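Enquirer: Keeping their order, the protein sequence lines are chains A and B.
The first sequence begins at 0 in numbering that gives the first Met the number 0 and counts up by one.
The second sequence begins at 0 in numbering that gives the first Met the number 0 and counts up by one.
Since the hints were made in silico from the structure, they are not lab data.
A hint or two may mislead.
[What the hints assert, rightly or not] From the structure, some residues in chain B lie toward chain A, with a derived Cβ separation under 8 angstroms:
#	residue
1	Arg38
2	His61
3	Leu66
4	Phe74
Computed from a prediction, not measured in an experiment: that's the story for all the values here.
All C-beta atoms in this analysis are idealised placements derived from N, C-alpha and C, irrespective of residue type, glycine included.
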Amino acid sequence: MSDWLSQAWTVARKDLLLEFRTRTAIVSALVFTALVLTVFNFGRDPTAVPTIDLAPTILWVTFTFAAMLTMNRAFQLELENDALEGLLASPLSRTSLYWGKLLANLVFVALVEAVGLPLFVLFFNVPVAAVLLPLVGVIALATLGFVAVGTLFGALVIRTRFAELLLVVILLPFLIPPLAGAVQVTAGLLGGRPLSESAGWLRLLAAYDIAFVTLATLLFPFTVDE
Amino acid sequence: MVALDDVTFSLQGGQTLAIFGPNGAGKTTLLKVLAGLIRPDAGRATVAGGRGAIGWIGHQSHLYGHLTVRENLLFWAALYRVPAASRAHRAAEVMQRLGIAQHAERPVWVLSRGLAQRTAIARALIHEPRVLLLDEPFTGLDLAAAAEFRALLSQLRGAGRVVVLATHNVGEGAELATDVAFQRRGRFVYLAPRGGRAPAEIADAYRRALGDAGE
Numbered sequence: 000m001s002d003w004l005s006q007a008w009t010v011a012r013k014d015l016l017l018e019f020r021t022r023t024a025i026v027s028a029l030v031f032t033a034l035v036l037t038v039f040n041f042g043r044d045p046t047a048v049p050t051i052d053l054a055p056t057i058l059w060v061t062f063t064f065a066a067m068l069t070m071n072r073a074f075q076l077e078l079e080n081d082a083l084e085g086l087l088a089s090p091l092s093r094t095s096l097y098w099g100k101l102l103a104n105l106v107f108v109a110l111v112e113a114v115g116l117p118l119f120v121l122f123f124n125v126p127v128a129a130v131l132l133p134l135v136g137v138i139a140l141a142t143l144g145f146v147a148v149g150t151l152f153g154a155l156v157i158r159t160r161f162a163e164l165l166l167v168v169i170l171l172p173f174l175i176p177p178l179a180g181a182v183q184v185t186a187g188l189l190g191g192r193p194l195s196e197s198a199g200w201l202r203l204l205a206a207y208d209i210a211f212v213t214l215a216t217l218l219f220p221f222t223v224d225e
Numbered sequence: 000m001v002a003l004d005d006v007t008f009s010l011q012g013g014q015t016l017a018i019f020g021p022n023g024a025g026k027t028t029l030l031k032v033l034a035g036l037i038r039p040d041a042g043r044a045t046v047a048g049g050r051g052a053i054g055w056i057g058h059q060s061h062l063y064g065h066l067t068v069r070e071n072l073l074f075w076a077a078l079y080r081v082p083a084a085s086r087a088h089r090a091a092e093v094m095q096r097l098g099i100a101q102h103a104e105r106p107v108w109v110l111s112r113g114l115a116q117r118t119a120i121a122r123a124l125i126h127e128p129r130v131l132l133l134d135e136p137f138t139g140l141d142l143a144a145a146a147e148f149r150a151l152l153s154q155l156r157g158a159g160r161v162v163v164l165a166t167h168n169v170g171e172g173a174e175l176a177t178d179v180a181f182q183r184r185g186r187f188v189y190l191a192p193r194g195g196r197a198p199a200e201i202a203d204a205y206r207r208a209l210g211d212a213g214e
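Starting from the given sequences, assemble the full structure and let the hints guide the process.
Expert: The structure is reproduced here in structure tokens:
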């Protein structure tokens with residue numbers, strides 16, 4: 000394993016260990032996911048709009064906000080005893096630090112999605128069995144993009160007051176492209192249409208991932224260095 | 000506002016520079032520049048061996064409260080590229096040296112301030128740094144622990160390391176120093192070898208230097 004990736008994994012492993020020991024963000028995100036899906040389930044009139052039309056939006060709005068809860072935590076835990084300063088004074092490269100946080104955030108968000116998807120199926124009774132594999136692929140593609148941006152902005156706002164609120168405010172506009180793409184592709188899949196019909200949206204999601212993972216990697220040092 | 004101005008010095012292995020100055024003199028800024036945490040607008044600061052050669056003790060412990068003492072040390076050892084095969088041995092060695100071996104499996108958040116400070120020192124020594132940058136390192140240590148830490152720093156200096164120590168308290172650290180600097184408003188108003196002077200004499204010189212500088 001190359002050195003920067005090995006260092007990134009060291010950071011990610013530490014974050015995972017801390018989170019699984021304290022369960023602060025993951026439990027909040029899981030409870031939030033269950034509550035939002037419950038509210039959507041009971042807070043709508045199923046006779047007014049067909050479930051299948053609403054379901055993709057509900058799924059992605061839930062995933063997006065639940066992901067924000069976990070992404071907020073990534074740099075908050077570095078504020079304890081100013082561990083961030085220790086990281087920045089160490090030989091750890093800024094790229095490794097960013098990728099470590101990105102990897103840990105991806106694991107947390109994937110966990111929330113892994114629990115959220117069955118709950119979504121349970122509440123909304125949507126037929127996912129036949130399209131499970133492409134649906135998981137779309138979720139992975141969209142998640143990578145918005146976690147990449149969220150990890151960057153998480154570092155940007157962490158030393159500000161109201162960091163949690165600020166993250167949501169500055170992050171949401173950047174999430175519109177992957178969110179739109181993910182909703183469209185999910186709607187196509189749940190509606191039984193072939194994946195090829197969503198090729199344009201899939202290309203958008205892939206381009207967003209490449210662009211924002213690259214940009215975030217390049218810009219990250221400017222967010223943490225004094 | 001200029002935080003540092005016209006500060007020039009160089010140190011060789013075995014030297015310990017004690018920087019004394021009141022709060023807001025720029026001591027922490029200077030150490031952060033040396034540690035690579037702050038990029039100066041002008042001038043340069045070079046530490047042979049770069050970040051990997053530096054052991055940094057800042058105002059905070061840089062420890063993760065929900066990791067044990069051992070887990071913290073192993074994490075920082077990995078970041079400082081201590082070979083995987085020797086990390087556990089190295090962690091055991093520094094814990095023994097700092098007198099915290101019996102607390103190895105306790106999470107840091109349950110430790111007293113003094114024990115946490117010892118763990119922070121162990122963290123800074125885990126990779127056997129050639130340069131130690133210490134910002135108010137005696138904070139939180141009781142008299143016995145502070146005396147032990149001074150003895151440890153003497154050993155480290157004897158082993159050819161460079162130590163830069165910043166504190167507002169002249170009584171702490173003066174006896175360790177080979178060189179002494181007094182800092183005020185970002186500038187060194189005094190920089191000279193200690194030359195065998197007792198801490199009380201250093202304290203007198205400090206009062207005179209900062210008095211002359213208008214403090």
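Enquirer: Now tell me, hint by hint, if it's right for this structure.
Expert: Status of the hints after comparison with the structure:
Satisfaction of the interface hint for arginine 38 of chain B is found here, the shortest Cβ-Cβ separation to chain A being roughly 7 angstroms, below the 8 angstroms cut-off. The criterion of a C-beta within 8 angstroms of any C-beta in chain A is met by histidine 61 of chain B, whose closest approach is roughly 3 angstroms, and the hint holds. Of the supplied interface hints, the one on leucine 66 of chain B holds, with its beta-carbon coming within about 7 angstroms of a beta-carbon of chain A, less than 8 angstroms. Satisfaction of the interface hint for phenylalanine 74 of chain B is found here, the shortest Cβ-Cβ separation to chain A being roughly 5 angstroms, below the 8 angstroms cut-off.
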